[in-house]
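**Student:** Here's the letter readout for the chains.
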Amino acid sequence: MLLGAEITRGAPIHQAAGRGGPVAADTTAPAPAPGDSLLHDYVRQMRDSTDKWFGSTAAPVDTAGLDSALAAGLLRSPNARGPHGQRKLSFDWGPALGFNRADGWQLGASASLGTRWLSRLSGRMQYTTGTHDLLGEGGWAHSWRIDPLSARLGLRLAAGRYTTAFDRDYYEPILTSLNALFAGEDRHQYLRRDGFIGTLRLGAEEGFVITSWRDQLESSLPYTTGWFLFGHGPELPFNDEATFGRVRELTLGAEATVPGTRFRVNAMHWTTDPRLGSDMLYRRTRLTAGGDVSLGRHLSLVPQATYGLLRGETPPQDAFFLGGVANLRTLKRNELAGAGRAYGRLDLIVVDEIGRPLHLPIPAQLPLQIGVFAGSGAVWGRDPVSGDAVPTSRSWPHADEFLSEVGAGLMLRLGIPSPLTSFRFEVAFPIGADRRGAAYALALQEPLNLLPAR
Amino acid sequence: MPPQRPRHRLFPRRPGLTLVAWAAPVALLAALVPAPAGHAAPGDGPTLAKEDTMHTDVSTVLVRAPRVTLEEILDRVARGEARRDSLLRDQSFTATLRVMRDAEGKKGPILFAETVSRVYKKKPDMVRTIELRHYEERPEKDGDHDDMDADFSPSMGEEIVNFAFRPENRKNFRFSIEDRKLLGDHLIYTLAFAPRSALAVFEPSGRVWVDTKEFVIVRQEIEFRQSPVPLFLKNIKHMVVERDRAGDFWVLSRVLVRMELTIPIPKFGRAFDFAMAMSDYTLNSDLPDSLFANSHGKGGKSKVRVGGGRKRS
Numbered sequence: 001m002l003l004g005a006e007i008t009r010g011a012p013i014h015q016a017a018g019r020g021g022p023v024a025a026d027t028t029a030p031a032p033a034p035g036d037s038l039l040h041d042y043v044r045q046m047r048d049s050t051d052k053w054f055g056s057t058a059a060p061v062d063t064a065g066l067d068s069a070l071a072a073g074l075l076r077s078p079n080a081r082g083p084h085g086q087r088k089l090s091f092d093w094g095p096a097l098g099f100n101r102a103d104g105w106q107l108g109a110s111a112s113l114g115t116r117w118l119s120r121l122s123g124r125m126q127y128t129t130g131t132h133d134l135l136g137e138g139g140w141a142h143s144w145r146i147d148p149l150s151a152r153l154g155l156r157l158a159a160g161r162y163t164t165a166f167d168r169d170y171y172e173p174i175l176t177s178l179n180a181l182f183a184g185e186d187r188h189q190y191l192r193r194d195g196f197i198g199t200l201r202l203g204a205e206e207g208f209v210i211t212s213w214r215d216q217l218e219s220s221l222p223y224t225t226g227w228f229l230f231g232h233g234p235e236l237p238f239n240d241e242a243t244f245g246r247v248r249e250l251t252l253g254a255e256a257t258v259p260g261t262r263f264r265v266n267a268m269h270w271t272t273d274p275r276l277g278s279d280m281l282y283r284r285t286r287l288t289a290g291g292d293v294s295l296g297r298h299l300s301l302v303p304q305a306t307y308g309l310l311r312g313e314t315p316p317q318d319a320f321f322l323g324g325v326a327n328l329r330t331l332k333r334n335e336l337a338g339a340g341r342a343y344g345r346l347d348l349i350v351v352d353e354i355g356r357p358l359h360l361p362i363p364a365q366l367p368l369q370i371g372v373f374a375g376s377g378a379v380w381g382r383d384p385v386s387g388d389a390v391p392t393s394r395s396w397p398h399a400d401e402f403l404s405e406v407g408a409g410l411m412l413r414l415g416i417p418s419p420l421t422s423f424r425f426e427v428a429f430p431i432g433a434d435r436r437g438a439a440y441a442l443a444l445q446e447p448l449n450l451l452p453a454r
Numbered sequence: 001m002p003p004q005r006p007r008h009r010l011f012p013r014r015p016g017l018t019l020v021a022w023a024a025p026v027a028l029l030a031a032l033v034p035a036p037a038g039h040a041a042p043g044d045g046p047t048l049a050k051e052d053t054m055h056t057d058v059s060t061v062l063v064r065a066p067r068v069t070l071e072e073i074l075d076r077v078a079r080g081e082a083r084r085d086s087l088l089r090d091q092s093f094t095a096t097l098r099v100m101r102d103a104e105g106k107k108g109p110i111l112f113a114e115t116v117s118r119v120y121k122k123k124p125d126m127v128r129t130i131e132l133r134h135y136e137e138r139p140e141k142d143g144d145h146d147d148m149d150a151d152f153s154p155s156m157g158e159e160i161v162n163f164a165f166r167p168e169n170r171k172n173f174r175f176s177i178e179d180r181k182l183l184g185d186h187l188i189y190t191l192a193f194a195p196r197s198a199l200a201v202f203e204p205s206g207r208v209w210v211d212t213k214e215f216v217i218v219r220q221e222i223e224f225r226q227s228p229v230p231l232f233l234k235n236i237k238h239m240v241v242e243r244d245r246a247g248d249f250w251v252l253s254r255v256l257v258r259m260e261l262t263i264p265i266p267k268f269g270r271a272f273d274f275a276m277a278m279s280d281y282t283l284n285s286d287l288p289d290s291l292f293a294n295s296h297g298k299g300g301k302s303k304v305r306v307g308g309g310r311k312r313s
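So the protein lines, in turn, are chains A and B.
Quick note: the first sequence, position 370, residue 370 per the working numbering, numbers continuous.
Quick note: the second sequence, position 303, residue 303 per the working numbering, numbers continuous.
Okay, chain A solo, but in the shape it has when bound (with noise of 0.2 Å):
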């Protein structure tokens, strides 16, 4: 094997001292074999062609100078970043702001400090123009890589009091907030937690498994906010009572890639018991699995399912939620709870772009696609008159509890913040006779939604 060679393209470059410093030893390549000129000539006239089509981009360095700067360089220490400085620490900040008719304006801002020692630090506070309250949580992050396993261990700790909603598995705060003040159609009641709480993860391509555990009060909140931003009385005009308890609560979870497909499995368990020091006892686990199947270049088949079962106590903020854009669109959001859970929907999308061929007035670069899907879930282990979920025995849903429908979209990739994500229209009708009508749905959200985010 040849060793220290180099290549020199464009201009003359510095010599051995400047390019491996005082440390590499260089040697010149030899002249190519005849075989290999002929590669070489091959690989040289698709340069040229790409040196032809980026123009100035493609030109060669300009090597004045470096030679000096290299010498500089090599002479500072190994843990100084360049001419500009070490950098030492790194500083974010950003407003923290949010909405509902629990808590009113949330009001504040939130600040992270990275450093090398130190990893992340980050902080929040907030205070609420309706419960009148400091909302406030401080943390702690840092990640390793795992070589062998070509993976990365995250571990988080975090303390403080933080207002959240109950159901625990389909929750995004911004657009929440942002059709809670906009439009009053906030359907989630919400909770508040003091505490701590510290997560392990281990994350690779191919899937993860995490686990925490949280040491938090839970106690409801009030109904105090009755206006939006363009009227007055939201959709809700009320704040469920949470079971007020302390919860020491442990969470197993892994997601994982079925071999050979591009199906996902994720799997979360969250146990909380007395002997643990908790005030409540409740086995909660949710499976999760979803994937597409390409039908040809045009088509791609969506399937995905969850099922979740609560064992134990019921605590409203532990039941598990149907309706609304999370799973079926025929139903308001959250208007079912349940001890128990299933739900299935398929999706088949025209992948193409169709808006330019339909000449459609939306902007040339975002894709427009179609799709059509069907979906069926149930609810089980629910109190009819209240409608709370309240504990069974039952694993599974009877087939008169099942709820159908069907439906079309058009989806809008904007790409944000997954490649993936769009923002979808769908019109959704009932299947079979009860009081569902047709309902449509506006949501900002990948085809694989059920599967929780990586």
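Calculated directly from the structure, the hints in this document are not laboratory data.
Take the hints with a grain of salt, since some may be wrong.
[Stated by the list, open to error] One side only, chain B facing chain A, incomplete, derived with CB under 8 Å:
| no. | residue |
| --- | --- |
| 1 | Arg128 |
| 2 | His186 |
| 3 | Pro228 |
| 4 | Asn235 |
[As the list claims (entries may be wrong)] Restricting the straight-line Cα-Cα distance to at most 30 Å, the calculated cross-link-like pairs of lysine-lysine (DSBU-like) are:
| no. | chain 1 | residue 1 | chain 2 | residue 2 |
| --- | --- | --- | --- | --- |
| 5 | A | Lys52 | B | Lys267 |
| 6 | B | Lys123 | B | Lys171 |
| 7 | B | Lys107 | A | Lys52 |
| 8 | A | Lys52 | B | Lys234 |
| 9 | B | Lys237 | B | Lys181 |
| 10 | B | Lys234 | B | Lys213 |
| 11 | B | Lys107 | B | Lys267 |
| 12 | B | Lys267 | B | Lys106 |
| 13 | B | Lys181 | A | Lys52 |
| 14 | B | Lys106 | B | Lys234 |
| 15 | B | Lys171 | B | Lys237 |
| 16 | B | Lys106 | B | Lys213 |
| 17 | A | Lys52 | B | Lys237 |
| 18 | B | Lys123 | B | Lys213 |
| 19 | A | Lys52 | B | Lys106 |
| 20 | B | Lys234 | B | Lys267 |
| 21 | B | Lys213 | A | Lys52 |
| 22 | B | Lys267 | B | Lys237 |
[To be verified] Restraint ranges, calculated between C-beta atoms of paired labels, are given here:
| no. | chain 1 | residue 1 | chain 2 | residue 2 | range |
| --- | --- | --- | --- | --- | --- |
| 23 | B | Asp185 | A | Gly65 | 36 to 44 Å |
| 24 | B | Arg64 | A | Glu206 | 52 to 60 Å |
| 25 | A | Ser212 | B | Lys213 | 51 to 59 Å |
| 26 | B | Thr212 | A | Trp93 | 36 to 44 Å |
| 27 | B | Thr212 | A | Phe91 | 35 to 43 Å |
| 28 | A | Ser212 | B | Arg89 | 34 to 42 Å |
| 29 | B | Asp52 | A | Ile370 | 53 to 61 Å |
| 30 | A | Gly245 | B | Ser86 | 25 to 33 Å |
| 31 | B | Thr212 | A | His142 | 54 to 62 Å |
Just so you know, even glycine gets a beta-carbon here, dropped at the ideal spot from N, CA and C.
Position chain B relative to chain A; hints supplied.
**Tutor:** Below, chain B alone, put in the same frame as chain A:
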């Protein structure tokens, strides 16, 4: 058999009219006149001459070796890339990162920012980057250069070249053989790849040129059916990844991308180029650990931020 003359002259002979000049109208006429069913009767029109005086005999060669399948090529490329990676102990090179604005303006691409660095890497996880020069068209007043910042990974695996061929990613792409070319004793395969998932219209597809002598990738052209971030990035027009020879190794030499923004940015334009060029490679020269000091594992993935808004103290 000698070529037959046309029985009837379609055009009167003119002095100085060459055979080439004749050929065009004859061919045009032949194309315009519908071919009669069955054989043309003598005297119906011109008869095309057929060369039958040159003969050559090539003996039949029975090829017993099976043709290398696509799967085998992909396996060998993965092994070739892994072998290449395993043979590299250390490397150093000069890296130039460049952002050009107004790439499709009248004046052509204009240099917006450029950073030249010397990068040293050593296995297992040592990396050191020495910045040699930094240029910004509009530098910030505080002298900080947040617009472009490069951190190089300690890895020498060149994932940007072989991402589709890595065993863990291969199931996500569909491959086909586009072309074969024999150059001396090098057989160059051109392989096309595209995302297997129809849903992943934003994922890269493209062509790679593989030298099957060593089963290494020597060039890659990448395209995107749709933009990954359509809200901000209208499209990625052209992307080329090139390798060059450094001694016994093919090493990453250039990555060039032209992108177009959805909304033009004032004083920057809509289309811009990003270029990363690596030159002056020195490979396996036994770089001393002292060169790296405490920089073990620092750097993470190669990261380039353009137009970032972070504040640093």
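**Student:** Against each hint, give a clear statement of whether it holds in the structure.
**Tutor:** Now the hints, each set against the structure:
About 6 Å separates the beta-carbon of Arg128(B) from the nearest beta-carbon of chain A, less than 8 Å, and the hint is met. With its C-beta approaching chain A no nearer than about 4 Å, His186(B) sits inside the 8 Å limit, and its interface hint holds. The restraint placing Pro228(B) at the interface with chain A holds, with a minimum CB-CB distance near 4 Å, inside the 8 Å limit. With a least beta-carbon distance of about 7 Å to chain A, the hint placing Asn235(B) at the interface is held under the 8 Å criterion.
For a cut-off of 30 Å, the pair hint linking Lys52(A) to Lys267(B) stands: about 25 Å separates their Cα positions. For the hint linking Lys123(B) to Lys171(B), the alpha-carbon distance of about 29 Å falls within 30 Å, and the restraint holds. Distance check on the hinted pair: Lys107(B) and Lys52(A) sit about 15 Å apart at the alpha-carbon level, within 30 Å; holds. Restraint check for Lys52(A) and Lys234(B): the C-alpha separation of about 23 Å stays at or below 30 Å, so the hint holds.
Restraint check: the Cα-Cα separation between Lys237(B) and Lys181(B) comes to about 27 Å, which is no more than 30 Å; the hinted pair holds. For the hint pairing Lys234(B) with Lys213(B), the CA-to-CA distance comes to about 39 Å; that exceeds 30 Å, so the pair is violated. At most 30 Å may separate the alpha-carbon atoms for a hinted pair to count; Lys107(B) and Lys267(B) meet this at roughly 14 Å. A C-alpha spacing of about 14 Å is found between Lys267(B) and Lys106(B), which places the hinted pair at or below 30 Å, so the restraint holds.
As the CA atoms of Lys181(B) and Lys52(A) are separated by approximately 23 Å, the hinted pair is consistent with the 30 Å bound. As the CA atoms of Lys106(B) and Lys234(B) are separated by approximately 20 Å, the hinted pair is consistent with the 30 Å bound. Taking the CA atoms of Lys171(B) and Lys237(B), the gap is near 26 Å; set against the 30 Å cutoff, the hint holds. Using a Cα cut-off of 30 Å, the hinted pair Lys106(B) and Lys213(B) is violated, with the two alpha carbons roughly 44 Å apart.
With a CA separation close to 15 Å, the supplied pair Lys52(A) and Lys237(B) stays within the 30 Å bound. For a cut-off of 30 Å, the pair hint linking Lys123(B) to Lys213(B) stands: about 26 Å separates their Cα positions. A threshold of 30 Å between alpha carbons decides the hint, and for Lys52(A) with Lys106(B) the separation of about 16 Å falls inside it, so the pair holds. For a cut-off of 30 Å, the pair hint linking Lys234(B) to Lys267(B) stands: about 18 Å separates their Cα positions.
Straight-line distance between C-alpha atoms of Lys213(B) and Lys52(A) comes to about 29 Å, which keeps the hinted pair within the 30 Å bound. Note on Lys267(B) and Lys237(B): the hinted pairing holds, with a Cα-Cα distance of about 21 Å set against a maximum of 30 Å. As the Cβ distance of Asp185(B) to Gly65(A) is approximately 42 Å, the hint placing it in 36 to 44 Å holds. A C-beta distance of roughly 41 Å is found between Arg64(B) and Glu206(A), which places it outside the suggested range of 52 to 60 Å.
Between Ser212(A) and Lys213(B) the beta carbon distance is about 52 Å. The supplied range of 51 to 59 Å therefore holds. Taking 36 to 44 Å as the suggested C-beta distance range, the pair Thr212(B) and Trp93(A) does not conform, at roughly 54 Å. A beta carbon spacing of about 52 Å between Thr212(B) and Phe91(A) contradicts the range 35 to 43 Å that was offered as a hint. Roughly 41 Å separates the CB atoms of Ser212(A) and Arg89(B), a value that falls within the hinted 34 to 42 Å.
At about 60 Å, the beta-carbon gap between Asp52(B) and Ile370(A) stays in the expected band of 53 to 61 Å. Between Gly245(A) and Ser86(B) the beta carbon distance is about 57 Å. The supplied range of 25 to 33 Å is therefore violated. The given range of 54 to 62 Å is broken by Thr212(B) and His142(A), whose C-beta atoms sit roughly 45 Å from each other.
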